[in-house]
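Using the sequences provided together with the hints, build the complete structure.
If you read the sequences in order, they're chains A and B. With the working numbering, letter number 172 in the first sequence gets 172, and the count goes up by one each step, no holes. With the working numbering, letter number 168 in the second sequence gets 168, and the count goes up by one each step, no holes.
Keep in mind that the hints were calculated from the coordinates and are not lab data. Misleading hints may appear alongside valid ones.
[To be verified] Below are the SDA-like pairs computed for lysine to any residue, each with C-alpha atoms no more than 25 Å apart in a straight line: (1) A:K178 to B:K225; (2) A:K178 to B:E92; (3) A:K178 to B:G174; (4) A:K178 to B:D18; (5) B:K225 to B:E186; (6) A:K178 to B:E163; (7) B:K225 to B:G174.
Only a predicted model underlies this, so the values are computations on that prediction, with no experimental measurement involved.
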Amino acid sequence: MTAVTAPASHTGRLRWALADGLTLIGREISRIRQEPGELIAALIFPAVMVVLFGYVFGSAISVPGGGNYREYLMPGLFAMVTFTGTLAVTMRVATDASRGVMDRFRSMPMARSAVPFGQTGAEILNGVLGMVIMAGAGLLVGWRAHNGIWQTAEAFLLLALMRYALSWAGCYLGLVVKNEQTADQLIPLVFPITMLSNSFVPTGGMPRVLQVIADWNPVSALTAACRDLFGNPGAPTGDAAWPVAHPVAATLGWALVLLAVFVPLSVRTYRRRGR
Amino acid sequence: MTDEPIVVAEALRKRFGDTRALDGLDLAVPAGTVCGVLGPNGAGKTTAVRILATLADADSGHARIAGHDVARRPDQVRARIGLAGQYAAVDEKLTGRGNLRMFGRLYHLPRREARRRADELLERFGLMDAADRQVAGYSGGMRRRLDLIASLILRPQVLFLDEPTTGLDPRSRGEIWDAIRGLVAEGTTVLLTTQYLDEADRLADDIAVIDHGRVIATGTPDELKASIGDRLDVVLDDPAMAGAAADLLHTLTGAYPVLDGDRLSVPLTPGTLRLADAVRELDRAGVTAGDVGLRRPTLDEVFLRLTATRTDTPDTGAVDTGAVETTGAGRRKETVR
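Following this line, the structure appears as structure tokens:
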């Protein structure tokens, strides 16, 4: 077999990076095929949340401006699973780092950026599956998108973009913690972050400090954007904080900032040798 | 290409904080040979392998694989090396075949070629029956074999094996050894780090003993053993005679014998004492011995002697090797190759 050496040209290198990224996405598909139970467990969780929040808490919460709480809730749950998905990437990257799989990748003539791009690309797959299940559960409990196909599509694209941007943050975190146990311990921390927002309850009743935090929490912007685009109740009132009043712009902004920070950081951390 | 050794390290230095992991390491491995790198834990073995395999950068010094500088042309190096052992692994959630196909694709083999190569390697290394099982269910030995063959996909010119059999049962170790011998027979150059000296003894053409980040001795296993000389072992019938026998052996050899149970052992300077003379002198002194024999030192003894001299142990060789007797007692080494 002839030695495979990296192409010298830029386009050749890009082709390699793309091919490697696709191979790693294929790896994720194989893993799902090997352990479908894990995926099912991950997908059941959001459905359980729909029932739990929709019927248990929903019975006691009134929606500002009126409306069905489950219609109010669904955008919040879409946003929540978008954020909790972050740590799945952290977990996978940290596992690769601690088990030595990442060192094998590093010792191979692969494109240096392929591993972070592949890991985050694989997350899109999980994200789409999660959204489908979530939407199905929502439809079952009476949630509807009221604004037609384009705005609905826009909402899902926004969720997908945010998920992708967050997966880069998750990837970086995985490269930094480097072991599964630590990554595992981070999971409970994500919940308070998603709860401290407008996703389950209106922020108006929170103490002032928490309200400010909640309004500027990207989870809130994403939730508000989805409510807006799906035509679900809970639209912000006139004096709402800027990110909640301009939720689509704010969400795009958050996503771009996350990408601008964590793409170079992850790629650099992956490349950095001699730890 | 010139006659330069295929693996060359020159004055490699690497610090981690205050620790000097490598302190001017030199290494040269001729193509087609097996170089065993031995050293106590923390001696710098793994750091050296990581630098040579482009996983880490040296602070200073140079290293070349097949003429390509590891720091400047890592891609050229990566296309020519395989890495297995402690620090390289496979995806436990995939099947054995799935792993090899994935790595084949990541080595940029065409899809069909990646499949063919995966099957070929699974067949050759006896993993075909387990090919479609998840790696998580593999035994330790099977996992190591898969790990090893994942590094062979591109037929590397140089194979780095970092403690490839640590933690394996004897049978699995034997299987890994057979696999390594097969590769060497085909011309692969192997750089092997190991804690098991018998592993180095069986596999390595040359050995580099490293300690505190530098090479303190090199040579073939036989050269290293010869460098500390043979030993004379006397198994006493009557342990009460130990004192008299020890005095006699000291007089005959000038060295201090070590007593381990009923066995007296003394290092010999080459050519100073013939076995027959020793037997006759013992007999004359009235010492009855069940067994008197010349023994080649084990590599363990060589290793302990070499590494002990760097840490402050008392002067005489007898004290150093005294510790050895409890570990490598009386084992006669045979060379396999």
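Now for the hints, and whether the structure bears them out:
For the hint pairing A:K178 with B:K225, the CA-to-CA distance comes to about 42 Å; that exceeds 25 Å, so the pair is violated. Our distance criterion of 25 Å between C-alpha atoms is met by A:K178 and B:E92, whose separation comes to about 17 Å. With a C-alpha separation of about 33 Å, the suggested pairing of A:K178 with B:G174 is violated against the 25 Å cut-off. Proposed proximity of A:K178 and B:D18 is supported: the alpha carbons are some 23 Å apart, at most 25 Å.
Between the alpha carbons of B:K225 and B:E186 the distance comes to roughly 28 Å, so the proposed pair goes past 25 Å and is violated. Restraint check for A:K178 and B:E163: satisfied, since their Cα atoms lie roughly 22 Å apart, inside the 25 Å limit. Among the hinted pairs, B:K225 with B:G174 is consistent with the structure: their alpha-carbon atoms are about 23 Å apart, no more than 25 Å.
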